[in-house]
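Trainee: Residue numbers (our numbering), protein chains in the order written: chain W, 1 to 268; chain R, 1001 to 1268; chain C, 2001 to 2301; chain H, 3001 to 3301.
Please note: incorrect hints may appear among the correct ones.
[To be verified] A few chain H positions that, by computed beta-carbon distances, are all more than 10 Å from chain R:
no. : residue
1   : Glu3049
2   : Pro3103
3   : Leu3135
4   : Gly3171
5   : Glu3279
6   : Trp3283
7   : Asn3288
[Said to hold, decoys possible] A few chain R residues that face chain H, going by a derived Cβ cut-off under 8 Å, partial list only:
no. : residue
8   : Met1001
9   : Asp1003
10  : Gly1043
11  : Gly1078
12  : Gly1082
13  : Lys1176
14  : Arg1209
15  : Lys1212
16  : Cys1213
17  : Ala1222
18  : Asn1224
19  : Gly1225
20  : Ser1254
21  : Tyr1263
These are calculated hints, taken from the structure and not from any lab test. The C-beta atom is built at its ideal place from N, Cα and C for all residues, glycine as well.
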Amino acid sequence: MTDLPRMACIKKIMQETPSIKTFYLDMQMNAKPGQFAMAWLPGIDEKPFTLTAVGKEIAITVQEKGKFTKALFALHEGNSIGIRGPYGNGFDYKGVKKACIVAGGCGAAPVLLLAQELKKKKIKLKIILGARTGKECLFKKQLAKTGDLYITTDDGSEGEKGFTTTALENFLQKEKFDCVFACGPEQMLSKVFALCEKFKVECQLNLERFMKCSFGICGQCAINGFLVCKDGPVFSGEQLRKMPEFGNFARLKSTKKVSLQEYAQWRQ
Amino acid sequence: MTDLPRMACIKKIMQETPSIKTFYLDMQMNAKPGQFAMAWLPGIDEKPFTLTAVGKEIAITVQEKGKFTKALFALHEGNSIGIRGPYGNGFDYKGVKKACIVAGGCGAAPVLLLAQELKKKKIKLKIILGARTGKECLFKKQLAKTGDLYITTDDGSEGEKGFTTTALENFLQKEKFDCVFACGPEQMLSKVFALCEKFKVECQLNLERFMKCSFGICGQCAINGFLVCKDGPVFSGEQLRKMPEFGNFARLKSTKKVSLQEYAQWRQ
Amino acid sequence: MLSTNFAGIELKNPTVLASGILGANAELLIRIANAGAGAVTMKSIGPSERNGHNNPTVIAWEHGLLNAVGLPSAGCKKMEEEWKLLEKSPVSIIASIYGANVPEFEEVARAVAEKKPAMIEANISCPNSEKHGQLFGTSAEASAEVISAVKKEIGKIPLIAKLTPQALNIGEIAKACEEAGADAICAINTVQGMLINIEAHKPILHFKKGGISGSAIKPVAVKCIWDIYEAVKIPILGMGGVSSGRDAIELMQAGATAIGIGSGVYYHGPKVFKKVCNEIREWMQKNNYKNVKELVGIAHD
Amino acid sequence: MLSTNFAGIELKNPTVLASGILGANAELLIRIANAGAGAVTMKSIGPSERNGHNNPTVIAWEHGLLNAVGLPSAGCKKMEEEWKLLEKSPVSIIASIYGANVPEFEEVARAVAEKKPAMIEANISCPNSEKHGQLFGTSAEASAEVISAVKKEIGKIPLIAKLTPQALNIGEIAKACEEAGADAICAINTVQGMLINIEAHKPILHFKKGGISGSAIKPVAVKCIWDIYEAVKIPILGMGGVSSGRDAIELMQAGATAIGIGSGVYYHGPKVFKKVCNEIREWMQKNNYKNVKELVGIAHD
Ligand SMILES: Cc1cc2nc3c(=O)[nH]c(=O)nc-3n(C[C@H](O)[C@H](O)[C@H](O)COP(=O)(O)OP(=O)(O)OC[C@H]3O[C@@H](n4cnc5c(N)ncnc54)[C@H](O)[C@@H]3O)c2cc1C
Ligand SMILES: Cc1cc2nc3c(=O)[nH]c(=O)nc-3n(C[C@H](O)[C@H](O)[C@H](O)COP(=O)(O)OP(=O)(O)OC[C@H]3O[C@@H](n4cnc5c(N)ncnc54)[C@H](O)[C@@H]3O)c2cc1C
Ligand SMILES: Cc1cc2nc3c(=O)[nH]c(=O)nc-3n(C[C@H](O)[C@H](O)[C@H](O)COP(=O)(O)O)c2cc1C
Ligand SMILES: Cc1cc2nc3c(=O)[nH]c(=O)nc-3n(C[C@H](O)[C@H](O)[C@H](O)COP(=O)(O)O)c2cc1C
Ligand code: FES
Ligand code: FES
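Could you build the full structure based on these sequences and the hints that come with them?
Mentor: See below:
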């Protein structure tokens, strides 16, 4: 049992949207949709990223945000980064016959493999993909192949103008899903959860917290008594009900518990 | 890969001769004839002993000599001792159809299992068992069941008066053996080797040296470039020819190389 | 059979969650308590908010863990909510504290003592920050100075001095802590080490050096506990590489009254506490021991 | 590709048999040389005959070895035969020496220097005897005193100071040795530890405490070599837990020019030297290194 980064060569870099790139890495890894890996830039930092391709080679899909992702974006094909994983539980779609996926922004990354897997299993799938603007709609083409794709944008430049959650509410009023899978900003997820509770639909939400060990030792990623790295990142409605911090609080690197707003600010 | 003593309960103690006891121990171990174990008396010392029974339980057969064996002789059924092993190479009887075993004194211990194994494989066997006196003939009954047993004693109180090597020479003059297996005092072994060389017979001799690690790390048990604990304790004629120290020199606990006489004296 | 008393605190079993493992959050501490630990130790608390180091901060290699988390802390005054939740803990809480100097230790001790944890552990042995801890734990005088200062602040709350195996003579340090007023000794903190990723040709931990824990350091722990047991009369909270009942018994025979488990959580999850307790119980039954206290120090003649 | 130069001595490859492994006997040293070691170190030689400890002296646990052989030695004047045989060694001989005080070190150094080994290693770091070694290796002044005294006795023969990881600041000790005239540093000797057999409730080693070697201590070795590399200019013979090419490369990247292998012989037999060399070569080919010297210290920025 070891958890050490191994260096993987960047084989290909795909510009997905103006702010998002996919890095294809020369490393073999089997993982379930929703599992993640830790990506290490020696001398800089190490951060968690969902796997957007698994098997003979893997990929991570990254939005440029802070110091780490800027450094990652500066790399070229042929450069190497450290990878350890896979970590986390991944999505559970056992028994699901009809599903709805809600993805906000970079949240399309964790659900890509899920959607592809559900398609393979011939599970009926509705996908709501949201972004600030049309150009930032991640994995539009890939997701369209896996089910009915509905796009919402904040500025209305593509699909419907508005939020993913408005679309979800509409669907839930008309249709019955075995499960709603969602990933995106926590405010959005919080709303998704409320809707699922209201309509009594099962849900599985992919959460994010600042991580250190990623294997359940340091406690950094805690949401109440749950560990996002080990018990999650995907949580069921039953678990979310026991998580008053969900949608409200998160822990800074110091382990200090703060409001989600303060948490987001800290990361800026 | 670990080499740690495990405590084994003494199930039965058999008085084999006035000076020799067999200790049956509650421990499972598979080993080849000629392999040995390290027996530990906490707070006292740890010494190598040939295994005289293997399988569901094991046994060691011990002659009372110095500090360690005295302490061992003071133990009772129900007491425990530490055991690690098996160690060493053991005898190799592949292809052997007719064999001669020569055992001097406590040297009957390492050959007991060998004789029993050869008997099982229906290999023709002549055994020469030597001792100071009749009462000290070890494993007489057991060995008699495995082949033709000839006994020699220094005082003539049983079998023929004289040395095992005189008997061996007589046999070698008359018969052809595929291999001579021998264990006993090194002076005796030295003579056995000379006879085998003279008569051009293969031999396998079970040697002894003071040991520490017993797994080929400390170098204490060296005879020239060979390690008794790892390359031996059983050596072939081919190896013995490259061992000028055999029959002549041994190393004290300090690693100092001395004559066999001085070595024996040191152990007194 | 497993219940014991550690420096005046009753424990239903001798296993204790080590400091720094899941312990920054009250609910996780309670989760571990419910998983079977006899007591739980909070992640070390400092005087003010501190981020610790960048990642990688914890890695697992072939024979243990290596970490340089770097003493992150919300700071001793920003933990109201945790303290409130901890009131519901089914087992005793040990609060671990650190500081860069004696006044800082005093400040934290004062703030923490107000919250009335069952015990306070002074971490004078953390190897993962330039300024904190290890300085104290390798000098008998410095250790004694911290311990007596903290003791004054915390009154009747039992004080544990957590020592580093890097000390040249850990027995001497323990003795100095005992004389300075420590009610118990905790040993050991991690052993200094480093691992390099040879393809990256860089130390893997961002802080480069870190502390080794887990199975690799068990013999170091046994040796340190042995030395401390020979040097002091106060009880020892032994830790380092425990993930089985046999490991725990080994540390107890060397002299530990209670047994900390940290890295064991990596290997077996929170159920490691139940596992270790069950294994201790089975071994005791087989070897005719009635009470876990009988095991303490019996490897000494 | 693998040939290198260590403190003026040419080595066909950087692997070196560590002291105390099979090294009391010239023929075994030559056997290891023929098995592929770039140089071989003799078992540490003392001033007079010494038995060392009772058994058990060496045991293998899950993550390494633990030994307290106790510096047995025939004594520096009783080794004529070994020296004569060693003249036929196909590789350089490093003679390791120890003493209980400076005059003893001088006496042994003088006797050994007469035999003209390629290098002399002063073992100021053995943890397994009450009087020998460790005392020196944990104090910069004491270390310097031994090293300068030995250096005076051995003239042009390169002198290696073998250090203990128990030192509070191994970089400082290395610096003191360099200033006192050491031509190289060897690190690390074993880490103090103990293991108890819980059924016997007794320490397993007869001497109770011993030195941990093998995989368990590799991160300690990497860290110490790192610190020494930052502190001195003289080359480092790195050792501690090497049994693969990757291990060796890790120690080299931390700063070691040559690599000692001890416990690795337990895990793989004498063929460990060829194995490690082959693995280093393959890794270098894959990663485009031409000469093993390029690897030394590259993990430092
Ligand atoms: C399990 C898991 C999976 C992840 N998968 C991906 C992935 O597939 N793709 C991806 O791009 N990122 C993913 N992340 C987030 C990623 O780990 C980094 O946090 C992110 O890339 C920002 O890194 P940074 O250091 O560049 O920016 P930072 O310096 O950390 O942050 C800069 C900016 O990012 C915003 N921000 C970043 N993350 C969050 C967040 N969690 N909550 C609120 N605001 C945030 C901040 O508000 C700020 O605008 C994942 C996180 C987790 C825990
Ligand atoms: C591989 C191996 C297998 C062994 N198997 C057995 C065995 O099955 N049964 C057994 O009784 N012993 C066996 N021995 C010998 C045993 O390990 C001890 O050396 C012996 O029991 C003496 O132990 P002691 O400490 O009691 O006596 P010590 O204090 O070591 O010696 C006291 C007396 O023993 C004599 N002596 C003991 N061993 C030797 C020797 N090797 N060479 C010369 N003189 C010696 C001394 O001259 C002296 O009279 C074996 C040794 C080896 C290396
Ligand atoms: C990730 C991690 C973080 C730690 N943080 C602390 C800490 O904050 N305070 C402390 O006193 N010890 C800390 N330690 C040390 C442990 O409490 C314990 O002393 C050490 O890990 C040995 O026990 P183990 O082998 O069971 O892990 C930490 C250990 C680990 C692995
Ligand atoms: C059985 C044994 C005996 C040793 N004897 C000595 C010795 O006599 N002198 C010495 O300097 N080091 C001695 N050492 C330490 C080794 O030379 C080496 O420094 C240590 O084992 C770390 O390397 P490794 O992990 O490759 O074994 C001994 C080690 C072992 C395992
Ligand atoms: S990141 Fe360490 S427990 Fe989750
Ligand atoms: S006894 Fe140690 S090498 Fe044979």
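Trainee: May I ask you to test the interface hint for R/Ala1222 with respect to chain H, counting a Cβ-Cβ separation under 8 Å as satisfied?
Mentor: R/Ala1222 check passes; min Cβ-Cβ to chain H is 4 Å, inside 8 Å.
Trainee: Let me know if the C-beta of R/Asp1003 comes in closer than 8 Å to any C-beta of chain H, holds or violated.
Mentor: holds (4 Å)
Trainee: Tell me if R/Arg1209 is really an interface residue toward chain H, meaning its C-beta lies closer than 8 Å to one of theirs.
Mentor: The hint is violated - R/Arg1209 has no Cβ within 8 Å of chain H, the shortest such distance being about 11 Å.
Trainee: Against chain R, does H/Leu3135 keep a CB gap of more than 10 Å to every residue?
Mentor: holds (22 Å)
Trainee: With d taken as the least Cβ-Cβ distance between H/Gly3171 and chain R, does d exceed 10 Å?
Mentor: Non-interface label on H/Gly3171 holds, nearest chain R Cβ at 30 Å vs cutoff 10 Å.
Trainee: Hint check: is the beta carbon of R/Met1001 less than 8 Å from a beta carbon of chain H?
Mentor: Hint on R/Met1001: holds, closest Cβ of chain H at ~6 Å, below 8 Å.
Trainee: With d taken as the least Cβ-Cβ distance between H/Glu3279 and chain R, does d exceed 10 Å?
Mentor: holds (19 Å)
Trainee: If I take the minimum Cβ distance from H/Asn3288 to any residue of chain R, is it greater than 10 Å?
Mentor: Fine: 34 Å to the nearest Cβ keeps H/Asn3288 off the interface.
Trainee: Should the interface hint for R/Lys1212 be scored as holding, given a Cβ-Cβ cut-off of 8 Å against chain H?
Mentor: holds (5 Å)
Trainee: Going by Cβ atoms only, is R/Gly1043 closer than 8 Å to chain H?
Mentor: holds (6 Å)
Trainee: Does R/Tyr1263 pass the interface hint, meaning its C-beta sits closer than 8 Å to a C-beta of chain H?
Mentor: violated (13 Å)
Trainee: Quick check on the hint: R/Ser1254 CB to chain H CB, less than 8 Å?
Mentor: holds (5 Å)
The structure fails to meet hints 1, 11, 13, 14 and 21 from the earlier list, while all remaining hints are met.
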